[in-house]
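Asker: Those protein sequence lines, which keep their order, are chains Y and D. 136 is the number that my numbering gives to position 136 of the first sequence; each next residue is one higher, with no gaps. 270 is the number that my numbering gives to position 270 of the second sequence; each next residue is one higher, with no gaps.
Because the hints were derived from the structure by calculation, they are not lab data.
Each computed SDA-like pair below joins lysine to any residue, with the alpha-carbon atoms no more than 20 Å apart:
(1) Y/K278 <-> D/G473
(2) Y/K410 <-> D/R385
(3) Y/K284 <-> Y/Y261
(4) D/K300 <-> D/G236
(5) D/K339 <-> Y/F97
(6) Y/K410 <-> D/A387
(7) D/K339 <-> Y/A130
(8) Y/K264 <-> Y/D202
(9) Y/K410 <-> D/T386
(10) Y/K278 <-> D/G472
(11) D/K339 <-> D/T229
(12) D/K300 <-> D/R324
(13) Y/K52 <-> Y/Q24
(14) Y/K278 <-> D/A471
(15) D/K339 <-> Y/A125
(16) Y/K264 <-> Y/L252
(17) Y/K40 <-> Y/A55
(18) D/K339 <-> Y/R412
(19) D/K339 <-> Y/G99
(20) D/K89 <-> D/A74
(21) Y/K52 <-> Y/S37
Negatives, chain D to chain Y, calculated, CB over 10 Å:
(22) P52
(23) F58
(24) R61
(25) D137
(26) W156
(27) R196
(28) A223
(29) P227
(30) I242
(31) Q294
(32) G420
Virtual Cβ for every residue (Gly too), placed ideally from N, Cα, C.
So the chains spell out like this:
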Amino acid sequence: MRRTLSMIRIAAVAATLPTLAGAQIVAITGGTVYPVSGPKIENGTVLIRDGKIAAVGSNVVIPEGARRIDARGKWVTPGLIHALTSLGLSEGGSPEFSGGYSDGRARGGDGIAATFDAWRGINPANTFIAPTRQEGVTSVGVIGGGGMIGGRTALIDLVEATSASAMLRKAPTAMLGGFGEPSAGTGARDEYWDKWRRLLDDVKAYQTRRAAYETGSTRTFETTQANLEALVPVVMGQLPLMLDVDRASDILAALEFATQYNLKLWLANASEGWMVAKEIAAAKVPVFIGAMSDIPTTFDALGQRRENAALLRAAGATVVLIGIGTSGGTDFNVRNIRQEAGNAVAYGLSWDEALRAVTLAPAEVMGVAGSVGSLQVGRDANVVVWSGDPFEFSTTAEHVLIQGRTFDTKSRQQQLTERYLTLPPSYRRP
Amino acid sequence: MQSLRPLLTLTLAGLAALPSPVLRAQAAPAAAKPTPAPSAGAISRPNADPFPSSYQPFPSRPTVLRNVNIYTAAGPLIRNGAVLLRDGKIAAIGATVDVPVGALVIDGGGKFVTPGLIDTHSHLGVYPAPGTAAHQDGNEATAPVTAHVWAEHSVWPQDPQFPRNLAGGTTTIQVLPGSANLIGGRSVTLKVVPSRSVQGMKFPGAPYGMKMACGENPKRVYASRGPSTRMGNVAGYRAAWIGAEAYRRRWDAWLANPTGDPPARDLGNETLAEVLRGNILVHNHCYQADEMMQMVDVAKEFGYTIRSFHHGVEAYKIADVLARENISASIWSDWGGFKMESLDGIKANVGLTHVAGARTIVHSDDPSYASRLNQEASKSLAAARTAGLNIPAEEAIKWITINAAWALGIDRQVGSLEVGKNADVVLWSGDPFSVYTRTEKVWVDGALLFDRADASQRWRTDFELGYVPTAGGIR
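Start from the sequences and build out the full structure, keeping to the hints where you can.
Answerer: And the structure:
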């Protein structure tokens with residue numbers, strides 16, 4: 001499996017090369033640069049060559065012929081990463097918008113869709129992608145769903161492309177686990193965990209006895225060979241398992257389960273995480289959480305509060321901010337991740353930590369910090385020049401570079417806006 | 001609303017003609033005697049109020065906020081100004097105010113003050129948290145026209161979302177039935193205050209609203225029995241209004257001359273007749289521009305007015321028409337793309353609608369959004385500026401205050417900080433258009449009901465006791 005994916009990665013890189021033909025140099029000059037990996041640099045320059053960051057600092061020599069972006073008075077940050085979206089998988093929430101498919105949700109068998117790679121269903125022409133990019137989000141995690149195991153998650157760059165693979169930055173990033181009776185096909189908490197234990201016991205047995213399995217001389221396993229194979233990296237502790245749990249006691253159960261099986265665990269939502277923050281931090285388990293809800297939306301999330309991110313961070317946990325409170329239920333507003341970050345600050349997270357939680361922290365957690373998430377030499381040039389503080393509503397992303405490239409295509413939303421700036425509209429394209 | 005005066009007079013006359021309950025109790029039902037007069041419950045009376053507000057303002061003391069920047073929603077920002085809250089009202093506002101003896105004086109230190117925020121589209125109490133099947137009380141989805149239901153009869157005052165809205169500075173909300181039905185029933189305007197009953201939250205004197213819904217929701221819900229199409233939707237509204245108009249004429253005739261048996265009372269037609277008389281305000285869920293234009297014509301056909309289109313993701317396409325027809329637009333800052341009829345949602349919707357002269361409102365339809373309406377307005381303001389529309393913040397504050405108050409028919413009482421109006425006031429930690437700003441204190445009718453600095457006085461609903469942990473982690 002991994003070989004296949006690395007081949008795709010190579011293909012993705014190859015696909016981007018033609019547009020980068022010829023050494024292109026971009027110099028973003030004079031801005032306040034927030035590398036995230038280090039302290040901010042006043043009057044700094046970010047030099048980009050062939051889509052990579054070639055230099056960052058206050059004394060950077062700018063080569064002849066470089067395209068200059070004057071960032072005086074502006075803020076320069078890494079492109080934002082929203083780690084948990086289904087961007088590109090749905091245009092209007094209905095299968096009718098996508099040829100009858102719900103690309104974010106696999107049916108699986110017995111609630112197990114371990115081989116499902118949702119990212120392959122991304123429509124690069126999805127109209128929400130451009131508005132997301134225009135507000136400074138350069139990479140998004142794409143997750144599917146579909147049951148107790150909802151498939152493998154991925155990270156994509158929001159480049160203009162004609163294929164999903166041309167957007168891919170890393171796949172897989174994690175295996176997605178569901179929680180709760182409807183998704184897991186179980187009726188009680190212990191039945192759920194027991195199903196996991198039996199499943200992972202099967203995977204371990206399969207992993208050590210592949211040859212015997214092929215000749216039919218193992219005991220019967222509860223799921224398909226494809227699922228068993230896909231779960232091997234999970235029991236090896238190589239591919240993280242993402243579980244979506246809210247109740248404090250369920251979080252502890254998840255931590256215990258992960259310890260028992262030596263799993264690399266990620267926690268999503270974790271509404272009551274602040275109540276067991278020490279345990280989460282001690283287990284070195286990252287949390288993917290929002291910062292904008294204090295509503296006890298379910299009996300499992302009674303302790304939900306806006307200070308969750310700040311309290312978890314204060315306890316030493318790795319916090320990745322995701323836009324739960326701002327999505328309006330769709331990927332229309334993946335762009336609002338910066339509002340989530342600003343609210344996290346309002347409720348106790350430091351500004352630097354909030355920026356990290358939407359840049360370097362998700363990059364580190366997903367194992368791509370060597371290429372994105374910070375402004376350092378050698379990283380891919382996913383860079384945003386903001387008119388001011390990126391979390392403020394009044395701030396706009398004036399230049400968004402992804403792998404050193406900018407994209408000027410007007411979004412559908414922009415075209416509608418321009419058409420109706422005068423009423424009645426002329427119906428003539430600008 | 002001026003034209004309603006004769007009807008109100010007539011109502012009072014009708015009341016005077018009714019026998020007292022005592023007399024009715026004495027009247028024995030005997031065949032030989034004259035037919036007893038109808039009980040009050042048999043009369044379909046304009047402006048009847050069978051579930052009257054029992055709201056009483058909470059105890060307050062004269063309070064002066066000084067050294068504050070005030071978005072009044074009635075004019076320019078007052079920098080370093082002051083406001084006096086006394087006896088539940090705004091007693092003075094300006095650069096300085098006289099401080100009465102014994103008044104509490106709060107030095108804002110350059111912080112900001114706004115009117116209490118108003119949400120025209122809430123489902124608090126009818127879709128409470130936690131979301132359980134037992135509390136899905138917002139849609140009487142049993143028939144396409146359920147004008148007979150009243151949202152207030154579904155409101156659970158212990159919904160923990162109420163204190164969270166208040167903590168966000170939202171002091172008045174309109175709770176609407178859902179959008180499953182063509183005509184979903186009456187809304188109710190509530191003060192966001194603790195109470196044992198919904199009556200104790202009802203905004204005194206607020207007119208009722210009535211929910212209507214266009215488009216995909218009704219035809220999806222009733223696909224098997226009809227309406228299953230948009231043309232079926234419109235036929236459904238018209239059929240309802242035809243029946244209501246006949247009902248109104250029958251009753252108005254009887255009320256003018258209340259002799260003999262009254263006509264049969266019908267709760268649904270009663271609400272619809274009140275719309276036709278102008279006593280109930282129509283709140284029409286409608287996404288698409290073309291459908292809103294059709295609803296304008298339906299309203300004209302039957303002689304009622306639409307007070308506000310709700311959601312209106314395409315309001316920007318017909319903003320000039322909304323301005324001309326004096327219909328407000330209750331719209332989201334940035335929702336769209338979640339179904340076919342919302343595909344044309346744009347972030348500049350609020351700004352474009354505003355500059356066309358229509359009364360524009362940023363609404364929530366979401367308990368979380370309703371606890372930060374200031375941020376929603378701020379996003380709309382920023383999107384307007386990105387689109388090249390230069391709208392001052394003093395105007396944008398109206399989207400979540402006075403314009404919303406107008407849509408609910410309570411703009412004489414609340415929605416702006418002017419002398420004589422109710423002292424619904426929010427003190428913010430900074431400019432409310434900043435993402436970093438939080439509410440610090442919230443007053444309703446001059447009473448301090450939320451104070452971020454004093455967790456011990458925090459309103460906790462009955463539900464929360466033993467369930468929802470406090471900041472200290474104690475359940």
